[in-house]
Each structure stands twice: as structure tokens, then as C-alpha cells.
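Chemist: The working numbering applies: residue 1 is where the sequence shown begins, and numbers increase by one.
Honestly, the hints are just simulated from the structure, not real lab data.
It cannot be assumed that every hint is accurate.
Said to hold, decoys possible - Taking lysine to aspartate or glutamate pairs in the EDC-like style, the calculated list, with each CA pair at most 20 Å apart, reads:
1. Lys42 with Asp68
2. Lys42 with Asp72
3. Lys42 with Asp9
4. Lys42 with Asp18
5. Lys42 with Asp135
6. Lys42 with Asp75
To be verified - Computed spacing ranges between beta-carbons, pair by pair:
7. Gly114 with Leu212: 18 to 26 Å
8. Val207 with Gly25: 37 to 45 Å
9. Thr210 with Val102: 30 to 38 Å
10. His14 with Lys202: 22 to 30 Å
11. Ser74 with Thr8: 22 to 30 Å
12. Leu212 with Asp68: 33 to 41 Å
13. Gly24 with Phe221: 35 to 43 Å
14. Val102 with Asp213: 20 to 28 Å
15. Ile15 with Ser215: 24 to 32 Å
The beta-carbon is built from N, C-alpha and C at its ideal position, and this holds for glycine as well.
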Amino acid sequence: DQNCIYSTDRTNVHIDVDRVTGSGGDGVFMANATDCSVRVGKGDDTALNGILWTYTGSGSVTRCATHDSFIDRSDSAANDQGCIKYAKSGSATGQIVGCAIVNCRVKMHNAPTGSGVGPIEIWGAGTRNRIVACDVEGGAIGISVANGQSHTAVVCNTVYDVSDIGLEIADSTHCTVTGNVVDGNGNTVMGISIDGATSDEKNAAVVGNTILDVSDKGISFYVVAPNSN
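Using the sequences and the accompanying hints, generate a full structural model.
Modeler: Given below as C-alpha cells:
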């Protein structure tokens with residue numbers, strides 16, 4: 001269960017590799033990082049995430065970028081992890097701040113609806129993060145920004161043939177979803193979901209997106225928490 005590349009509590013680490021494959025854990029594991037970057041020419045055959053940025057305890061992931069990477073997990077099992085993920089570990093109290101996923105291509109198996117398996121995710125407290133110009137294919141939720149993000153932008157991405165939701169903003173505030181394309185290929189239930197299921201979802205801007213061939217809702221604003229907008 002080893003990661004191919006492992007780094008923790010580092011500043012100004014820049015990883016640039018042509019191939020990551022055959023890992024029993026994550027392809028690249030970066031914890032509590034500041035001003036770091038990762039580029040993987042191709043990552044495949046990893047047991048867990050292709051690239052995982054995480055924070056533990058009171059640590060944070062700050063100004064860290066994943067760029068120009070191709071993560072192919074289309075041959076992996078349907079109950080596993082994602083392609084590029086920024087997320088807290090356990091009960092960590094830190095944040096994900098000023099990070100970016102830019103010009104990446106990711107591909108997954110067709111995860112079953114409701115499984116929550118997502119190719120690109122930013123999950124946990126934080127602000128001013130960006131997901132820009134990425135190409136996503138497969139998974140249950142194509143791009144997910146959730147659980148306490150604010151002022152995070154999802155811009156000019158293409159999401160194709162996911163099983164559940166193309167783009168999701170959940171339990172976060174002041175986020176922007178602009179200029180994206182969701183092509184459901186007849187298999188996607190919902191194009192864009194703005195979801196305040198467990199806490200307030202406020203001031204989301206959804207502008208200039210294209211949604212094609214989904215089976216249910218194009219854009220859904222879903223609120224069950226009290227005092228939500």
C-alpha cells in the first residue's frame with residue numbers, strides 16, 4: 001500500500017514526472033504543502049487517488065497547483081478513489097487556500113449513480129481555489145467543490161459521460177461556475193448542482209455554461225438546511 005511519490009510538510013517542492021503507475025496507494029501524495037506543484041505526464045493503475053493533496057491536524061494546503069497532468073483510472077474498480085483530489089484528513093482543522101487544478105485531463109470508470117466517486121474534487125474548508133480548463137470523463141460526479149469552500153471558481157472545463165452530476169458546488173459560499181460544458185451522453189442525471197444539504201449555500205454564480213443530453217435537471221439549486229440562500 002505504498003504511494004509512488006510521497007511528500008509531507010514541505011515548501012517549494014515541484015514534482016514533474018512523465019509516468020506514475022502501479023502504486024498500491026496514491027500515485028502522488030502531498031500533505032501540508034505550501035507553494036508546491038505537481039505535473040504528471042500520465043498516471044494510471046493506482047489503487048487510490050492519482051494525485052492527492054491533503055492536510056492533517058492544523059496543517060494546510062496553500063498555493064499548490066496541479067497542472068498539465070493526465071490521470072487515467074478508467075480500469076480501476078467502481079468503489080475506489082478519484083483522479084485529482086484536494087481534501088482534509090479526518091478531523092483536520094486546516095484549510096485549502098489559493099490552490100489550482102489547471103489544464104488537466106482525467107478519465108475514470110463509469111461509477112454508479114450515488115456512489116460519490118469523483119474524478120476532480122476540492123473538499124474541505126478553504127478559499128480562492130480554481131479548477132480551470134480541465135477535461136473530465138467518467139465517474140459519478142465530474143467536478144465537486146464541497147464542505148466549506150468559499151470564493152472558489154470552476155471555469156471553462158468539459159465534463160463528459162459521468163453517471164450522476166456533471167459539476168457540483170455543495171455546502172460552500174460565493175463560488176463561481178462559468179463557461180463549462182457538461183455533455184451527459186445520455187448517461188448523466190444532472191448537469192450542475194448547487195447544493196446546501198448540510199450547511200448554507202450562498203451567493204453562487206452560475207453563468208454561461210452549456211449542458212447537453214442529461215436525463216433529469218440541467219441546473220438544480222437544492223436546499224434543505226435552514227437559513228439557506
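Chemist: Now tell me, hint by hint, if it's right for this structure.
Modeler: Hint check results:
1. A distance of roughly 10 Å separates the Cα atoms of Lys42 and Asp68; the hinted pair therefore holds under the 20 Å criterion.
2. Between Lys42 and Asp72 the alpha-carbon distance is near 7 Å, which keeps this suggested pair within the 20 Å criterion.
3. A hinted pair counts as satisfied when its Cα atoms are at most 20 Å apart, and Lys42 with Asp9 does not qualify at roughly 25 Å.
4. About 6 Å separates the Cα atoms of Lys42 and Asp18, which keeps this hinted pair within 20 Å; it holds.
5. As the CA atoms of Lys42 and Asp135 are separated by approximately 14 Å, the hinted pair is consistent with the 20 Å bound.
6. For a cut-off of 20 Å, the pair hint linking Lys42 to Asp75 stands: about 14 Å separates their Cα positions.
7. Checked against the hint of 18 to 26 Å, the pair Gly114 and Leu212 passes, with Cβ atoms roughly 22 Å apart.
8. Take Val207 and Gly25: their Cβ atoms lie about 39 Å apart, and the range 37 to 45 Å holds.
9. Against the hinted window of 30 to 38 Å, the Cβ-Cβ separation of Thr210 and Val102 comes to about 20 Å, which falls outside the hint.
10. Range check, His14 to Lys202: about 36 Å between beta-carbon atoms, so the 22 to 30 Å window is missed.
11. Checking the proposed 22 to 30 Å range against Ser74 and Thr8 shows it holds: the Cβ atoms sit about 29 Å from each other.
12. The hinted range of 33 to 41 Å is not satisfied by Leu212 and Asp68, whose Cβ atoms lie roughly 26 Å apart.
13. Between Gly24 and Phe221 the beta carbon distance is about 41 Å. The supplied range of 35 to 43 Å therefore holds.
14. About 27 Å separates the C-beta atoms of Val102 and Asp213, a value consistent with the hinted range of 20 to 28 Å.
15. Distance hint check: the CB atoms of Ile15 and Ser215 are about 39 Å apart, inconsistent with the given range 24 to 32 Å.
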